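Those protein sequences? They're chains C and L, same order as listed. Remember, the numbering used here sits 9 above the position in the first sequence when you count from 1. Remember, the numbering used here sits 9 above the position in the second sequence when you count from 1.
These aren't lab readings, by the way, just hints derived from the structure by calculation. Keep in mind the model is a prediction, meaning the values are calculated, not measured. There may be inaccurate statements among the hints.
Where chains are identical, the list cannot tell them apart; a pair therefore holds if satisfied intra-copy or between any two copies.
Taking lysine-lysine and the DSS-like style, the derived pairs with C-alpha atoms no more than 27 Å apart in a straight line are [claimed, not checked]: (1) Lys157 x Lys313; (2) Lys340 x Lys46; (3) Lys135 x Lys35; (4) Lys58 x Lys46; (5) Lys55 x Lys35; (6) Lys338 x Lys235.
Number of protein chains: 2
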Amino acid sequence: MSERVQLIMLPGPTMVPPRVLRAMAKPIINHRGPEFKELYLGVIEKSKKVFMTKGDLFILSCSGTGGVECAISNAIGPGEKVIIPVNGVFSQRVKRTVEIFGGKPVEIPVEWGSSVTVDAVEDAIKKEPDAKALAIVYNETSTGAKVKCMAELGELCDEKGLLYIVDAISILGGDELPVDDWKVDICITGSQKCLMSPPGLALLSISEKAWSAIERTNRAVYFDLKAYRDYLKEGETPFTPAIPLFYALDEALDMILEEGMEARIERHRRCANAIYKALEAIGLEMFAKEEFRSNTVIGVRDPKGIDGNMIRRIMREKYNVVIAGGMGKLKGTMFRIGSMGNVSMADILITISALEGALQELGYEFDRGAGVVAANEAFKS
Amino acid sequence: MSERVQLIMLPGPTMVPPRVLRAMAKPIINHRGPEFKELYLGVIEKSKKVFMTKGDLFILSCSGTGGVECAISNAIGPGEKVIIPVNGVFSQRVKRTVEIFGGKPVEIPVEWGSSVTVDAVEDAIKKEPDAKALAIVYNETSTGAKVKCMAELGELCDEKGLLYIVDAISILGGDELPVDDWKVDICITGSQKCLMSPPGLALLSISEKAWSAIERTNRAVYFDLKAYRDYLKEGETPFTPAIPLFYALDEALDMILEEGMEARIERHRRCANAIYKALEAIGLEMFAKEEFRSNTVIGVRDPKGIDGNMIRRIMREKYNVVIAGGMGKLKGTMFRIGSMGNVSMADILITISALEGALQELGYEFDRGAGVVAANEAFKS
């Protein structure tokens, strides 16, 4: 395997700081002993600060998709209706998960690159007054569009008695999401995005209202939240946890709390802003509409006549910078830059510089250097 | 957290060699890029050698229980009967998983500490001729009893047209289990037992016969084997994999293949034998009947009048040796020693020595030193 050190600018996984990587090399401990108990309870307490919740929180050994499955399979009973705004690959996946586990998805179709409005959700609730839940992807990793009315939707769900289930996988820890203030009942994220840990853990917060829904269901084994709750009393997980990933997340959470959530969100905002300014200066078109632009995932349309796969290949092979392509129906039409976790000004200047180099090599016409200058300027302001 | 280095003699997780721990600190890579493809395909190829299969094999980011759920939820359709010999906590869990996912378990009750016979399974098939599968726990981690007729059961399933699903979590890589020769259709193991890797990965082999069952079902998302098969064509997993754990497993598999499976199984047999000899010399009673004794998990009844929790506590606090207690209905009645993975003569002499120390402190009467002498003798033979 290559010995080159790559700059990973993916919408997950993201760069893991050396301090976090090193934490994984600690010796294995008994997952039913006092050492793991201390580790697990500590990770939960720190995670609650990042989620800004006083509710329950669990750490599962699986990816973010496993976390979403856990939320749906525990909280939604057979035949129950779930309103789902669909504007990308990950909201499609939420819809499919509801179907597979016997719920009835009520789709609100939303243009990809755009996001749902409060009015659209209100209309859906009017049409389906017996809907049990709203399940929404806060930040569509496949397009780079984020929902702008999350707090209002929380109020609406609270008022109408719907569960508010939020897939916050590519945004929590990098943008605003005060779980309790926004009345989120189940919030899911993954370790490998804004939390700058290796992939393999999903984090779920559970409100009191969510528990009353969960009590009625019995369709999960590995993702059985009631088992997670029972075992938490002893500071344990029901099944063997991925211990090294807990070490890593623990260290990453320390770093996150040392930086402070406010400063962290501001850093993400500034980094994303610099990328957007740079891309505009290069003359590229974002996939998401300006008002819905994400602060963590930047989706960009391939320039006319230029193969996006070649852009990514040159960036990776010549510049050691790794970005992502399109997903689902957007494959071959766009590329995506993750600006999350430990991301810094230096990372962005290297990424833009590599992108400019690749574009020039592929014959794209633009004012060479304009992107780097624009990014630099953005960081000064 | 304690800085003491503990000797983990649990029935999983087991000690992870430093070489394997260090492998996790490698930088994060793109799970949709050439670096992960090389890693993933390499791990699969090496795992197939350990499983002794030419069939398909997948690595899931979850614990062994997640792997069992994957097997059941993919291979068993609604209302389909599954014959399950139940002789411990983990076979109970297989039964529950079948129920939760809509199958009909046909339990063969087996005395705990004992194991099922071919006759009993034949009888069950006669009574339930439409049974779809036999799901069996090869090595009951909760008792230390292993099934002695695995090859014969494979023949029987083949003859009768049943799927043969084997939970080999606490045994594969430490005892005989040639998956293809024994006609196992789905074989599941975890990374943290005999494979001496950190917990967090499950490995599943899938036969052609198993695929034809899986094609008909559609009840999994995170554990959807058809998605795993589709993504494998690109050398990818459908959902973000726990990358550092793949690095670790890759390194551990190299070590396993360097040692050779035959030598490895013989080492496990010799280590377990030394433990049994030592325990007998101390006058302790095994939980499993002699003919069913496992070569990887040793279950021991608490001596009369001695609190097993205190044995374990003294061993941990004074000797830094960590063993397990009883599970389920056996809690508070026994302790369990894992002798798996990287286990060596030195580990066993320390463990027996610590056990003797704890027993003496608790007033148990025995010939002090007899266990260590017996273990030493056993290794000489």
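Going down the list of hints, with the structure as the test:
1. Lys157 x Lys313: neither (30 Å within a copy, 66 Å between copies)
2. Lys340 x Lys46: Only across copies: Lys340 and Lys46 sit 19 Å apart there, 44 Å inside one copy, limit 27 Å.
3. Lys135 x Lys35: Answer is neither; intra-copy 54 Å and inter-copy 52 Å both fail.
4. Lys58 x Lys46: within (19 Å within a copy, 36 Å between copies)
5. Lys55 x Lys35: both (20 Å within a copy, 26 Å between copies)
6. Lys338 x Lys235: Between copies, since 20 Å is at most 27 Å while 37 Å is not.
Checked against the numbered hints above, the structure breaks hints 1 and 3 and satisfies the rest.
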